[in-house]
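Asker: With chain A fixed as given, assemble chains B, C and D onto it according to the hints.
Chains as they are written, first to last, in this note's numbering: chain A, 1235 to 1689; chain B, 1235 to 1689; chain C, 1235 to 1689; chain D, 1235 to 1689.
Treat the hints loosely; a few may be bogus.
One copy or two, either will do: identical chains are not told apart, so a pair holds if it fits within one copy or between any two.
Calculated cross-link-like contacts (lysine to any residue; reagent style SDA-like; alpha-carbon spacing at most 20 Å) [said to hold, decoys possible]:
id: 1; residue 1: Lys1319; residue 2: Leu1595
id: 2; residue 1: Lys1326; residue 2: Glu1381
id: 3; residue 1: Lys1326; residue 2: Asp1592
id: 4; residue 1: Lys1326; residue 2: Thr1383
id: 5; residue 1: Lys1326; residue 2: Ile1265
id: 6; residue 1: Lys1319; residue 2: Gly1672
id: 7; residue 1: Lys1326; residue 2: Arg1416
id: 8; residue 1: Lys1319; residue 2: His1671
id: 9; residue 1: Lys1326; residue 2: Val1380
id: 10; residue 1: Lys1326; residue 2: His1354
id: 11; residue 1: Lys1326; residue 2: Glu1415
id: 12; residue 1: Lys1326; residue 2: Glu1445
id: 13; residue 1: Lys1326; residue 2: Ala1659
Hints are computed from structural coordinates only; laboratory data are not their basis.
Protein chains: 4
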Amino acid sequence: MTIVNSVGLPTVASVVSAPDLTVRTLGTARINSPLSGMLDAWKTTEHYVSEHDRVLLDDTLSTAVSRGLPVAELPGLEPCGPRRKIFFDPSKTRAGIVTCGGLCPGLNDVIRGLVRSLTHQYGVRRVTGFRNGYQGFVASYAHDIVELTPNRVADITVEGGTVLGTSRGHQDPEDIVDCLERLNINVLFVIGGDGTMRGAMRIVAAAAARELRISVVGIPKTIDNDIPYIDQSFGFQTAFAQAAESIRAVNTEAKSTPHGIGLVKLMGRHSGFIAAYAALANHDADVVLIPEVPFELDGPDGLLAYVHRRMHERGHTVVVVAEGAGQDLLADGQAGSTDPSGNTRLRDIGPYLGTRIDEYLRAAGMVPSIRYIDPSYAIRSVPANAYDKAYCLRLAYNAVHAAMAGRTAMVVGRLRRRFVHIPMALVVSRRNQVDPHGDLWMSVLEATGQPMRMG
Amino acid sequence: MTIVNSVGLPTVASVVSAPDLTVRTLGTARINSPLSGMLDAWKTTEHYVSEHDRVLLDDTLSTAVSRGLPVAELPGLEPCGPRRKIFFDPSKTRAGIVTCGGLCPGLNDVIRGLVRSLTHQYGVRRVTGFRNGYQGFVASYAHDIVELTPNRVADITVEGGTVLGTSRGHQDPEDIVDCLERLNINVLFVIGGDGTMRGAMRIVAAAAARELRISVVGIPKTIDNDIPYIDQSFGFQTAFAQAAESIRAVNTEAKSTPHGIGLVKLMGRHSGFIAAYAALANHDADVVLIPEVPFELDGPDGLLAYVHRRMHERGHTVVVVAEGAGQDLLADGQAGSTDPSGNTRLRDIGPYLGTRIDEYLRAAGMVPSIRYIDPSYAIRSVPANAYDKAYCLRLAYNAVHAAMAGRTAMVVGRLRRRFVHIPMALVVSRRNQVDPHGDLWMSVLEATGQPMRMG
Amino acid sequence: MTIVNSVGLPTVASVVSAPDLTVRTLGTARINSPLSGMLDAWKTTEHYVSEHDRVLLDDTLSTAVSRGLPVAELPGLEPCGPRRKIFFDPSKTRAGIVTCGGLCPGLNDVIRGLVRSLTHQYGVRRVTGFRNGYQGFVASYAHDIVELTPNRVADITVEGGTVLGTSRGHQDPEDIVDCLERLNINVLFVIGGDGTMRGAMRIVAAAAARELRISVVGIPKTIDNDIPYIDQSFGFQTAFAQAAESIRAVNTEAKSTPHGIGLVKLMGRHSGFIAAYAALANHDADVVLIPEVPFELDGPDGLLAYVHRRMHERGHTVVVVAEGAGQDLLADGQAGSTDPSGNTRLRDIGPYLGTRIDEYLRAAGMVPSIRYIDPSYAIRSVPANAYDKAYCLRLAYNAVHAAMAGRTAMVVGRLRRRFVHIPMALVVSRRNQVDPHGDLWMSVLEATGQPMRMG
Amino acid sequence: MTIVNSVGLPTVASVVSAPDLTVRTLGTARINSPLSGMLDAWKTTEHYVSEHDRVLLDDTLSTAVSRGLPVAELPGLEPCGPRRKIFFDPSKTRAGIVTCGGLCPGLNDVIRGLVRSLTHQYGVRRVTGFRNGYQGFVASYAHDIVELTPNRVADITVEGGTVLGTSRGHQDPEDIVDCLERLNINVLFVIGGDGTMRGAMRIVAAAAARELRISVVGIPKTIDNDIPYIDQSFGFQTAFAQAAESIRAVNTEAKSTPHGIGLVKLMGRHSGFIAAYAALANHDADVVLIPEVPFELDGPDGLLAYVHRRMHERGHTVVVVAEGAGQDLLADGQAGSTDPSGNTRLRDIGPYLGTRIDEYLRAAGMVPSIRYIDPSYAIRSVPANAYDKAYCLRLAYNAVHAAMAGRTAMVVGRLRRRFVHIPMALVVSRRNQVDPHGDLWMSVLEATGQPMRMG
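So that you can see chain A by itself, here it is in the shape it has in the complex (with noise of 0.2 Å):
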């Protein structure tokens, strides 16, 4: 089957060239699943899910059309769910788990899903928590690792971050190979983001390089939603939330003081996803500025005319900036520094506007009063909320049921409402963005009533 996808690039031409749909898999399934009488018991819908059937990528008629592809030739990912036959027998099967990168609301709950799931419907009586991200594997750093019962992760959903603790970077895939062989692990869950995904690639080729049949089954997790071909990534309903009671704060402070500015920075590397959302479920933001739509300062259409002439309609100002946004428009000094997880370190946009828009509006005669929160990691530390908890839940267990079935190399994600298997090589390969010309971008602007141009 040719598989080519659309959803969300700019060109035809780009999709041609993206990864292979295709979910890798171990071997055949054989071994009878512990929930078969469940699923014999389930009636033949549309909703039942067959080994070969595909959820569409195209989700409108023309992109389908101008493919001129027969039907059977539509694109499509492998569904999520149960199986009848699993890989795995859950008697001999060890479990690990292992959450990586930066914290964001729900890693718990994903936690909490994957051991009960695994645990109570398949029966495996080993699930292993490895501590602080990838170090967890490698002996030099000396965690301890950690024994996951139902009993003991009952209540770590009350909190927010990752009782296993999370670290940055890369180590040695064959160290992590190692501590997987050592500790007879063959089904390992990963939670992080492209990073982290691209470090499970790379488990998974030293697992095949020993011809070892481990699946290695990821839940990816970003909390800028900047993983491609999924509706959300989880946590992220918790943290607009969040990130919008930071835009409440500063629109408390800019109307309640003379010439006041309120001035958020938001979360958002390459992807304006929060400082979006936030700023349509918390109307006071007057112009919000993301990674990408690039913008000026100067000129007469640039930013800071833009504030000058909403402190004169308003009295006060609220601007809210990604911090990705507007990296163009900083000092070059710190080209090339990274983070250990291989980003590029941002140049900070959010005390570099605040100057400049005190500069500007000096100038103009006007003495304003800037109050400006970063409020990231009171974004990323608190507990999901009730939509992310149920949210995380599913795709637990359907991370549970991929990697029974012998998936590997894959991430669980939802598309367009439905749950689906993805290869981790297909969401590693670009990233989510704000489409500048797709509806969510257009409600912003109608909701801020600020210029489609800036500058």
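Answerer: The following block gives chains B, C and D in isolation, referenced to the frame of chain A:
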């Protein structure tokens, strides 16, 4: 174009007789939209909204293939969004807004979004709010009307409920059209459930009979999430988050008491979505009972025996029941009774379950302490959470775009993450329900550990 | 020292017969406290706690003068705090903790504070939790006991309720002392209301009869805030904040409905504090009804006529009623009935008021929509808020200091901002009630606009 | 009457020189209060407010005895409350309201309470809000004034901040009195901190010099809770509850990271109440640093060594520092600098501590991950919680009663649970601080386990 539909329907047969998907239009759109400047600057991408594009209803390959349809005939709905050409001249347009039926988080957010979009984006100068549902159009009720301006609605979203008031029940469509004609309303936004949308269709018919060009656009409201063809109704996430709090409360009570039983009756006349999602968000429930899944009380596999077993295993038990569940178990005394909206009055399953469980356990030698909560008003009266606020805003914007483009007899909704126009006839044609064989219900079974069949 | 008391009593006469204020002590404290190093470093200030100091009961000059007492005889209570000499040798001390009666926010915070202070500050090695109230001491109930360590209680405060469980009703004090003797408990912390404290006094008497040196120290719990001599009981602020949410909910419902009436029944058997404070925190109530202030339904100045007037003035009305209010208005069918704690069962004023209001308005030609909430469980099961968490911790620390110093038959409380020891006999001698002529009730009248007398 | 005072002062000596406790009165109150009907019906009880009663300042016997005073001379303050005779004729009264200084939860609640009491209880017909603090009286700033009606302020309490705006700094009292005279304001309510009250005293003096009968009544506002003679300032409980959330956030971050350090800088220029109470409400802090308790960084008993030990014991450490703590440790570069309110600018202890801890641990061979939060704006901009809402309302009512009775140059406050009038001179005479030898700080030491002396 032959349009058929399949999402969520149990058999293909029922699909064939589904209503026409084509959205009616009052006439040709000839007037330039005030937004056309912005739209011209929009680059043409896959997200671009052309008049003739459609969002596909099918989301799996197997259903597409089973139809044997050529690609060009895949069923689909018209996407939402602003059009380059609109039907109504904003300077001559007067809009009306009415909210009907029970409260739901987000009503004020929708009202605010409509008023702002009509005023700021289209330049409509008069937006009139009708008080207390359809009563507001009928002179004999003597309700005042309210002129709605962006300033007047600026702060209404901090409160739940609806600033316009609401009521249940129908009014004579001729009276309503008399009122619309008298006030020169040519665009009417109706926020309500399926009963309300049936009323709106009668208004459309009455207006058409008089050859009035009045656009009637609905924003579907249902706290039960039982409207079909849309991913989730506005306010639903807020509602189930509140409902999860009630489960938390009775679980705390039950755990703190010898032989404690927590019992929560949640909303859900025909659809158990709130109960199902709340139980996923708060993992304390031992059993969830919904209208879609019949159950027995008696017998070794019945609910009572299951509760008894859980008391022995856990020391306490939490039962979550949707109000429409188990109606067949109740005595038939009130049969035939209906409320002003025409809904059959449900018999009260909550206290009945409480009594039966109490009797059963006492007969088995255990004296339970039953804590029963029916949190209905406390749930539906809260302000919308951040997600629903953003969602309501986008629904409202799209409703305005549709109405100004001359669409009528339709509602705005979100279908698998795309905002679409849905004919009213379609949304009232059936109910959205929890699929007892779908992955949501499977997740609930996994989370509670309750058996697939009870009795 | 002649000790009399006056705070909150309507007449001086009742004061004279008030119980003795002297706290009983098991014997001379001879053992150096583990805290004495810290205490020695403490500079002697006015806050320093000497054995013989007293916190004055009178707080106005006029009451002091009216007694004609010399300064040295002003009535007062012993202040809380650690003593340099303690009575019990920590290495030989085994402490017990029991929670009794209905739930109240903060129970787990008190338990946690007791365990941590006993363990970390005094070095007590065994702290035993008894399950399900006084039942936990009685063998026939077969409840297990729980060894409590700082680690085991580390995370219990994120949840409401009590990890020890609770029950209502008394048990034979001889059985309880048998159990204490068998387990070598010499320090017992009892968390409960006035019934529980009466039970604790019987335990003290039974232990004394056996010449056992067992310290019994209470932490008074009452969600109604009806314990006398203390500023406010723990959990009360959390409770009325929740109660205010219920007023918000019915107000939203009432405002959104033609002829809407919101009706909330709040806790308050004999004391209307929750209703009064909730109405101040949420200004939506039109009338607050409490047990301390009789009212009539009928007549031109009665409640029903008042509600009718408010409907005309405001279009909707919100009525807040404490459960113990208006008991004289209800038919006498259930007279004499008591619950397991010995409290008279109240007749249900909420639905009765709803019915009477509905009938009255209908007779007057208005068809009201009544929204009734009884949020009891939802209020008392929530975790303590920040203020109550800090307060519970300080109460627990002071209870441990008192017990280790050999005090018994007393509770810890806060009297006009100072933590004090109060003899149990004193706290059960009368109830704290809203003074119908005090400034709290005056504020409620000011806030609601309701007349001083209704009927 | 010789009036001296003692509460919270370290030595008796300082008390003797305390300012006069007598509240100034503009003249004899001769006008019957509109409330006198209600007051006459009030039975005379101990809570009845006579003109000459006093709330005693001393609360322990030992301090009373140490004075050797006869009972009649015990120091005391005038109680709040409505008087039968008032000074101002409501029909000729025009009231003004101004809010000054930094934001604090509850400002809008106070404004709302003032407006409602003036209008509904006294029948005052004009209440004028001045914008942006004392600037609002000065023509050159050109701020508008706002007519405040109950309707206009009905919904303002759902938001934080102040609808009147605020500013720091003084204005010429002659300009202010010019404005008051021009607008015929005879009752002025000033909401602000000690600097604001000093300004108010200058207004009183300037008005007196012109023989204007203008009552100036303050409602003391301080998020640091540093105003003396009152139990707790409004908004304080809301503030420390928010601050506890920041401790939770950094604790979650620190626990989830190898060698994680959480560092929170809280408000508290001279008084560490927020830090102390937040640490009691959230038990995650390992050390709390406040201005009242000096500490050293270096040496075996210094903070750095303590943090190092905690890292070994717990794996992570949480440090809470009040902004005014440890100022002596910082380099002296900015000495002498002051802000517009005349407050000395503090050097930034937060980042400094972070750097020093980082260096110390790295030198000791441990690479920490430091998560630093400075949540100032996020704390002070939130709406008041239920307790503070009720408290603000009662303060506002009592401020109106005082002003209408002709009191001036005073503030309303709550002293050991009784609302009292306090001369402005008294509230600016010193600061309320955490007593390093009192039971609050002892509770913090108990809760954190930190040593009494650090360094």
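Asker: If the cut is 20 Å between Cα atoms, do Lys1326 and Thr1383 qualify within a copy, between copies, both or neither?
Answerer: Result: close within a single copy only, 17 Å intra versus 36 Å inter.
Asker: With 20 Å as the alpha-carbon cut-off, assign the pair Lys1319 and His1671 to within, between, both or neither.
Answerer: Between. Shortest inter-copy distance 18 Å satisfies the 20 Å Cα cut-off; intra-copy 44 Å does not.
Asker: Could you place Lys1326 and His1354 in one of the four classes (within, between, both, neither) given a Cα distance threshold of 20 Å?
Answerer: within (15 Å within a copy, 44 Å between copies)
Asker: First find the shortest C-alpha distance between Lys1326 and Arg1416 inside one copy, then the shortest across copies, and answer within, between, both or neither for a cut-off of 20 Å.
Answerer: The answer is within: 15 Å in one copy meets 20 Å, while 47 Å across copies does not.
Asker: At most 20 Å between C-alpha atoms: does Lys1326 with Glu1415 qualify within a copy, between copies, both, or neither?
Answerer: The answer is within: 14 Å in one copy meets 20 Å, while 50 Å across copies does not.
Asker: Tell me, please, which holds for Lys1326 and Glu1381 at an alpha-carbon limit of 20 Å: within, between, both or neither?
Answerer: within (16 Å within a copy, 36 Å between copies)
Asker: At most 20 Å between CA atoms: does that hold for Lys1319 and Leu1595 within a copy, between copies, both, or neither?
Answerer: Answer is neither: 68 Å inside a copy and 40 Å across each miss the 20 Å cutoff.
Asker: 20 Å Cα cut-off: does Lys1326 pair with Asp1592 within a copy, between copies, both or neither?
Answerer: The answer is neither: 65 Å in one copy and 43 Å across copies each exceed 20 Å.
Asker: When Cα atoms must be at most 20 Å apart, do Lys1326 and Ile1265 count as within-copy, between-copy, both, or neither?
Answerer: Only inside one copy: Lys1326 and Ile1265 sit 12 Å apart there, 59 Å across copies, limit 20 Å.
Asker: When no copy is named, should Lys1319 and Gly1672 be tagged within, between, both, or neither for a Cα gap of at most 20 Å?
Answerer: Between copies, since 19 Å is at most 20 Å while 42 Å is not.
Asker: How would you label the pair Lys1326, Ala1659 (within, between, both, or neither) given a Cα cut-off of 20 Å?
Answerer: neither (29 Å within a copy, 55 Å between copies)
Asker: Give the relationship of Lys1326 and Glu1445 under a CA distance limit of 20 Å: within one copy only, between copies only, both, or neither.
Answerer: within (18 Å within a copy, 61 Å between copies)
In the structure shown, a violation is registered for the earlier hints numbered 1, 3 and 13, in ascending order.
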